[in-house]
Structures are given as C-alpha cells and as structure tokens.
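Enquirer: Here's the letter readout for the chains.
Protein chains: 2
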Amino acid sequence: MQISDCPERAIMEHVTSKWGVMALHVLSDGGSWRFSALRRELENVVSEKMLTQTLRTLERDGFVHRDVKPVIPPHVEYALTPLGKGAANHLVALAHWIEANQPEISQAQQRYDSP
Amino acid sequence: MQISDCPERAIMEHVTSKWGVMALHVLSDGGSWRFSALRRELENVVSEKMLTQTLRTLERDGFVHRDVKPVIPPHVEYALTPLGKGAANHLVALAHWIEANQPEISQAQQRYDSP
Numbered sequence: 001m002q003i004s005d006c007p008e009r010a011i012m013e014h015v016t017s018k019w020g021v022m023a024l025h026v027l028s029d030g031g032s033w034r035f036s037a038l039r040r041e042l043e044n045v046v047s048e049k050m051l052t053q054t055l056r057t058l059e060r061d062g063f064v065h066r067d068v069k070p071v072i073p074p075h076v077e078y079a080l081t082p083l084g085k086g087a088a089n090h091l092v093a094l095a096h097w098i099e100a101n102q103p104e105i106s107q108a109q110q111r112y113d114s115p
Numbered sequence: 001m002q003i004s005d006c007p008e009r010a011i012m013e014h015v016t017s018k019w020g021v022m023a024l025h026v027l028s029d030g031g032s033w034r035f036s037a038l039r040r041e042l043e044n045v046v047s048e049k050m051l052t053q054t055l056r057t058l059e060r061d062g063f064v065h066r067d068v069k070p071v072i073p074p075h076v077e078y079a080l081t082p083l084g085k086g087a088a089n090h091l092v093a094l095a096h097w098i099e100a101n102q103p104e105i106s107q108a109q110q111r112y113d114s115p
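Here the protein sequences come in this chain order: C and W. If you're matching positions, the first sequence starts at 1 in my numbering and goes up one per residue. If you're matching positions, the second sequence starts at 1 in my numbering and goes up one per residue.
What the hints contain is simulated information worked out from the structure, not anything from laboratory work. As the structure is a computational prediction, the values presented were derived from the model and not from experiment. A virtual CB, placed ideally from N, CA and C, is assigned to each residue, including glycine.
Quick list of in silico lysine-lysine cross-link-like pairs, DSSO-like style, CA-CA up to 30 Å:
{"id": "1", "chain 1": "W", "residue 1": "Lys85", "chain 2": "C", "residue 2": "Lys18"}
{"id": "2", "chain 1": "C", "residue 1": "Lys18", "chain 2": "W", "residue 2": "Lys18"}
{"id": "3", "chain 1": "C", "residue 1": "Lys85", "chain 2": "W", "residue 2": "Lys85"}
If the Cβ cut is set under 8 Å, some of the chain C residues that face chain W in the computed set are:
{"id": "4", "residue": "Ile11"}
{"id": "5", "residue": "Trp97"}
{"id": "6", "residue": "Asn101"}
{"id": "7", "residue": "Gln109"}
{"id": "8", "residue": "Tyr112"}
Turn these sequences into a full structure, and let the hints guide you.
Expert: This is how it looks when you write it as structure tokens:
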C-alpha cells in the first residue's frame, strides 16, 4: 500500500479511525441505530459533532446507510450496508483476536515495564 | 468491547493508529528492518520521534521484537513476533479487502458527492 495520495490509504484511515472503529463495531450487530442510541452505546464519550463527521465519512464510502424515516418528528437511523458489513467483519475479527490474546499481550507489557 | 478504561480498547488503538497500521503492514513481510529502512519505506512521512514512539508501543505490547546487533557501530533491527504476526495478519486482510472493494467504494463516494 502506498503512503500518500492513495485512495486505499484514505479508506484505511476512515475504517481504523478511533470512532470509525467503534461505530462500525456497534453497527456490526446488523441492526438500525438512531443517532442518540449509537452515541449512548459509545458511552457519550464521542462528541455529537465528531460522531456526525464519522458517520458522514462512512456513509460517503458506502459503508453506512442513513435512513430518514418519514415520520413526525422525522428521525434518522443508521445501519451497515453489505459493503460496510465486509469492512466491519475485519474489525470485529481483529477485536476478537485482541480479546483472545489479551493475557499474552498483558504479560508482554509487564515484562517491558519491569525494571 | 467497552469504550473506556479497557485494555483491549487501548491495544486496538495501538494497532489501528495511523503509524501502527503502517509499521505492522511493512513488518508483515516477515523480514527484519533497520529503523532508517523502515522509515524510508514509509516514505519519510513519519517523523523519527513518532516512529520511535510507535515501535516502542508495539514492542511493549509484544508485537515487535527489537534486536540490538552487537556490532560496531551497533545497529538495531525490528521484526514482528509471532504475536505481532497475528495482529498484522488482520490488518493485511483488511488492506486487501479495501483494495478489492476500492471500485465499489469509489462509486459510492462519487454518488455521495454528486449534487
């Protein structure tokens, strides 16, 4: 992969951005999420502005579908597209791998930190 | 995965950090890399300080082995550990997936951007 001026590299950054990872992870349950519920699931640690920006980037890449429900008052739901599901699957697999290897990683950290 | 105060989450951030992704990707060729060669492979876009910090974090997690060669002048080589190989495999798989789906992603971006 090239470093600069490369569309693949930009997409990698969208998918692996802090909130990109987390949003894709939550949406990977296959459901439709309202903005407020999604933000709550992220423990409100992410600002509204940052989550909006993250979802917009993922929508532009074709990973997230934004569905405006024609109700009063209108509300918006977010869900993964099949393409987004493909990207999210890799992040979920990585998260599972980290979870499974957490003891070994933790041991390495303790060895590194011990004088 | 929990959002805050969670060791798995911290490791996910190390692995998916901008230069973490790139360093693991380069090292995933299985070879040993001198610092300067690794930095050159990253097109010198990353500062020495940032690359040092990235490699130190990955070394602490047990993903990267830092080998100080007892020669004069001494030099240092970096390589993936088996554990690091496991993490890197997921990133390489994601990169391949992005590459394979780049046309579809690009089309989605064009649709999004068209008025």
